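Visitor: Sequence:
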Amino acid sequence: MMNSFIRITALLLSLLSAANGFHIVLAGGTGQVGRELSSKLAIDGHDVTILCRNAFLAAAPSRVSSDFGWLGQSFLNKYPGIKLRDWDGGDLLDIVGQDWVGWQGDTLAKANCVVNLCGGFTQQREMATERIVRESLRCNPTALQITVAPLDEELRMISNVAVDSKMKRLKLCEDMVSQNCVNYECLRLQANRLEEECDRIKQVIYAKLS
Numbered sequence: 000m001m002n003s004f005i006r007i008t009a010l011l012l013s014l015l016s017a018a019n020g021f022h023i024v025l026a027g028g029t030g031q032v033g034r035e036l037s038s039k040l041a042i043d044g045h046d047v048t049i050l051c052r053n054a055f056l057a058a059a060p061s062r063v064s065s066d067f068g069w070l071g072q073s074f075l076n077k078y079p080g081i082k083l084r085d086w087d088g089g090d091l092l093d094i095v096g097q098d099w100v101g102w103q104g105d106t107l108a109k110a111n112c113v114v115n116l117c118g119g120f121t122q123q124r125e126m127a128t129e130r131i132v133r134e135s136l137r138c139n140p141t142a143l144q145i146t147v148a149p150l151d152e153e154l155r156m157i158s159n160v161a162v163d164s165k166m167k168r169l170k171l172c173e174d175m176v177s178q179n180c181v182n183y184e185c186l187r188l189q190a191n192r193l194e195e196e197c198d199r200i201k202q203v204i205y206a207k208l209s
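Take the sequence shown: its letter number 67 is residue 66 in numbering that gives the first Met the number 0, and every next letter is one higher.
A portion of the hints provided could be inaccurate.
To be verified - As a list, the in silico DSS-like pairs of lysine-lysine whose alpha-carbon atoms are at most 27 Å apart:
1) Lys82 - Lys109
2) Lys207 - Lys39
3) Lys167 - Lys109
4) Lys82 - Lys207
5) Lys109 - Lys165
6) Lys77 - Lys167
7) Lys109 - Lys207
8) Lys77 - Lys109
9) Lys77 - Lys39
Unchecked claim - Here are the in silico distance ranges between beta carbons for each label pair:
10) Asp163 - Thr141: 34 to 42 Å
11) Lys77 - Ser177: 30 to 38 Å
12) Glu129 - Asp98: 20 to 28 Å
13) Gly20 - Asp163: 21 to 29 Å
14) Arg187 - Asp90: 20 to 28 Å
15) Gly20 - Asn76: 14 to 22 Å
16) Val162 - Leu186: 30 to 38 Å
17) Asp163 - Lys207: 28 to 36 Å
Treat the hints as calculated values from the structure; they're not laboratory data. Bear in mind the structure is a predicted one, so any value in this text is a computation, not a measurement. We treat Cβ as the ideally placed atom computed from N, Cα and C, and that holds for glycine.
Whenever a hint applies, use it, and build me the whole structure from the sequences.
Guide: Right, here's the structure in full:
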């Protein structure tokens, strides 16, 4: 019964939001969550821009490097509403994209919502979050900011090295958003429920922007 209610609610929100046509930015959206979420948003009629470290490699017909995310040309052809954009990833000393200059004005300035999907539990995650927050406040301070991270208990299950440090880093990234942004949501997802959790992200976006 509850699942039926959730599906009906999601459908109604999708219909309402499709009439508006949002511009949604996914930072670090070349992984599994980004693929699933971006396709759902594109199907609903929204423009999606994925910020990635190397758009050329992410759009290649076949994956050529395990160091960078990959979506593939066939995926992008299937969903023409999804675009890739190079950005610096928060680390100006390790830029790997070819056309990263001006990414803020091209993406954040016109975004209705920015979803931070940057993964990993290193300092890179902190730098990416700080960069997104700082640049969003500069050029579009009212945009909805959403952070996405795993549940603490799942993190303990999948990682047995420096878990407390990783949990602290996730909380720090969430605090950057909650303490600086006026319109935000910090979400914790269950890793083994990819489709359902992407639907939840989508519902949050529509509820906040409708």
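Visitor: Which of the numbered hints above does this structure break?
Guide: When the structure is compared with the hints, numbers 3, 5, 6, 13 and 16 turn out to be violated.
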